[in-house]
Amino acid sequence: MNVLDEALLWLNDPLTWTRRGGIIDLGAEHLAMTAIAVALAAVFAIPLGAWLGHTGRGAGAMVTLGNATRAMPTLGIILLLAAGGLFGDTATVVAAAIFAVPVLLANSYEGVRGADPAARDAGRGMGMTGTRVLLQVELPLATGLIAAGLRTTIVQVVATIPLAALAGGGGLGQIIAFGMGTQRYGQVLAGGMLVAALALVLDGVLAVAQRFVTPEPLRVDTRRR
Amino acid sequence: MAANPWFSWTYVVENADTLWAYTVQHALLTVQAVAIAAVIAVPLGILVSRIRWMSGAVIGTAAVLYTVPSLALFAILAPFLGIGRTPVLIGLVVYALLVILRNTVAGIDGVDPAVLDAARGLGYGRLRVLLRVSLPNALPSVIAGLRLATVSTVALVTVGVVVGYGGLGQLMFRGFRNNFYRAEILSATLACVLLAVVLDVAIWAGGRALTPWRERGRP
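Line order of the protein sequences matches chains A and B.
Heads up, the final residue of the first sequence is numbered 478 in our numbering, and it's a clean run with no missing numbers.
Heads up, the final residue of the second sequence is numbered 233 in our numbering, and it's a clean run with no missing numbers.
One or more hints might be untrue.
Said to hold, decoys possible - Quick partial rundown of chain A residues pointing at chain B, CB under 7 Å, derived from the structure: (1) GLY319; (2) LEU332; (3) LEU416; (4) LEU442; (5) ALA449.
To be verified - Just so you have them, the derived chain A footprint on chain B, three or more residues with Cβ under 8 Å: (6) 50–61; (7) 75–85; (8) 88–94; (9) 125–136; (10) 174–187; (11) 202–216.
Bear in mind the hints are in silico, worked out from the structure with no lab data behind them.
Glycine included, C-beta positions come from ideal geometry on N, C-alpha and C.
Kindly produce the complete structure, drawing on both the sequences and the hints.
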């Protein structure tokens with residue numbers, strides 16, 4: 254039997270989906286871990302990025318941070334956390350959150366920094382304090398970029414979590430790791446397809462959501478050229 | 015319980031051969047993947063920037079492929095291509111492709127229209143404008159794309175452990191399996207970061223040599 258048939262057969266079995274620890278359970282766990290990791294990163298990175306953008310400080314550090322984390326192998330970090338005693342799902346969420354920070358930080362920084370200087374001046378001219386300029390002028394103007402950053406981050410985190418399955422973490426990556434360990438390549442393929450589908454569907458849904466949260470006058474053609 | 019330090023110089027010295035072998039494997043895989051991606055992406059980028067209607071479709075397809083998580087892509091490729099180097103290499107090429115493609119198109123699109131006009135005014139034909147004006151002007155952007163692709167490829171290679179070919183990732187995973195051998199995991203991780211930095215600087219230096227007319231700046 255070839256691998257593709259095997260994968261489809263496995264996916265076609267209702268029990269694969271509904272049993273305990275089946276695809277539905279793992280998928281829900283995957284999404285829950287994603288939500289926590291993104292929330293953790295967002296709580297930290299969006300206010301910090303916005304504040305840095307408002308004061309205009311830390312641009313150099315931002316670039317360095319972005320470059321450094323790109324070179325950091327995610328797998329290494331997950332395994333190091335595991336070796337340090339942080340195991341399973343917690344370690345995964347922490348690692349995913351760490352990798353989510355730079356994108357969110359950069360986008361909120363750019364968004365606030367890139368707010369129309371005329372609008373900022375008008376706010377000041379009306380007697381707004383610095384905080385009010387940030388909250389009522391700059392942040393609303395930055396929603397588009399921050400939403401784009403959140404979308405990138407969420408998709409990235411969904412893609413990072415499967416790696417943790419190699420270190421005993423949960424989520425849909427388990428299907429791949431288990432299939433590899435037991436040489437059931439049909440399951441490996443099926444797991445790969447599930448993770449890929451989750452990322453693509455989520456990206457599509459978020460693209461629509463991003464359009465809705467961006468205030469109408471700020472909507473640009475977001476299609477990537 | 016035996017000591018399990020995070021870093022041990024003794025480990026590095028005693029396992030220098032192994033570390034070096036995996037680093038070489040890692041570096042070769044990275045360079046090969048980025049080179050293949052560049053050979054495909056740069057001409058494709060030039061083509062796409064000429065023929066507008068193609069650009070949406072090509073870059074859209076590349077972006078969709080880019081969204082597929084690396085682990086999933088390796089897992090999808092491995093059953094068909096076998097365990098080992100091939101699925102990893104092809105996966106890496108796919109990811110590097112989009113980065114280089116985007117930067118090539120952006121570079122060509124970003125050439126100052128006045129410069130293009132001047133070249134046309136001097137009687138340059140379309141091909142000469144492309145070769146003598148557009149491409150040299152787009153070079154910095156292409157090189158920026160190559161750097162970005164290389165650095166992220168170095169990090170991505172480690173995911174190859176899932177199909178048994180992950181360069182330094184192999185060493186990290188072995189350390190993890192060997193009762194959390196911290197020194198091994200950390201040394202491999204550091205070697206990985208170091209490799210990214212070295213390759214990045216090498217491409218930066220190469221780019222600098224290729225564009226002597228540009229203002230000098232730090233990498």
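Now for the hints, and whether the structure bears them out:
no.: 1; hint: GLY319; in the structure: violated, 10 Å
no.: 2; hint: LEU332; in the structure: holds, 5 Å
no.: 3; hint: LEU416; in the structure: holds, 6 Å
no.: 4; hint: LEU442; in the structure: holds, 5 Å
no.: 5; hint: ALA449; in the structure: holds, 4 Å
no.: 6; hint: 50–61; in the structure: violated (count 0)
no.: 7; hint: 75–85; in the structure: holds (count 7)
no.: 8; hint: 88–94; in the structure: holds (count 6)
no.: 9; hint: 125–136; in the structure: violated (count 0)
no.: 10; hint: 174–187; in the structure: holds (count 8)
no.: 11; hint: 202–216; in the structure: holds (count 7)
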